[in-house]
Amino acid sequence: MSNLENLDKTYIKNFLEFIILDLLDEKVQQGFTIATEIHEGYMILISPNTIYRLLGDMMDDELIEKKEKIYYITERGREALKIFTEKLGKSNLTFEGEKLVCL
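Under this note's numbering, think of the first position of the sequence shown as 1, with each following residue one higher.
Accuracy of the hints is not assured; some may be wrong.
To be verified - Capping the alpha-carbon separation at 25 angstroms, the derived lysine to aspartate or glutamate pairs in DMTMM-like fashion look like this:
no. : residue 1 : residue 2
1   : Lys82     : Asp25
2   : Lys13     : Glu26
3   : Lys27     : Glu68
4   : Lys87     : Glu75
5   : Lys66     : Asp22
6   : Lys27     : Asp57
7   : Lys27     : Glu86
8   : Lys9      : Glu86
Hints listed in this document are in silico derivations from the structure and should not be mistaken for laboratory results.
In this text the structure is predicted, and so the values were computed from the model without any measurement.
Please put together the full structure from these sequences, using the hints given.
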């Protein structure tokens with residue numbers, strides 16, 4: 001795998017983490033519901049293995065926590081969401097509704 005492919009995967013993972021943190025900041029959810037909202041809002045289809053691996057990584061990073069089957073954003077996750085949002089504001093990308101657009 002080339003360095004460019006690794007870089008693409010990193011950007012995609014970070015973008016998905018941003019979306020998940022934003023969704024969990026609005027309300028607690030189950031993994032299936034998160035995947036469904038990402039698909040409906042962003043037209044990104046995520047396999048169950050991918051979403052749960054990503055959620056596991058986010059729990060390892062203490063961005064989210066899980067009680068029973070429900071995921072919650074942590075204070076560290078809120079701080080990361082704030083940083084993501086600030087960086088997004090400095091870029092030429094923004095959201096219109098639920099769609100990411102380049103200005």
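Verification of the hints:
no.: 1; hint: Lys82 <-> Asp25; in the structure: holds, 11 angstroms
no.: 2; hint: Lys13 <-> Glu26; in the structure: holds, 20 angstroms
no.: 3; hint: Lys27 <-> Glu68; in the structure: holds, 16 angstroms
no.: 4; hint: Lys87 <-> Glu75; in the structure: holds, 19 angstroms
no.: 5; hint: Lys66 <-> Asp22; in the structure: holds, 16 angstroms
no.: 6; hint: Lys27 <-> Asp57; in the structure: holds, 20 angstroms
no.: 7; hint: Lys27 <-> Glu86; in the structure: holds, 21 angstroms
no.: 8; hint: Lys9 <-> Glu86; in the structure: holds, 22 angstroms
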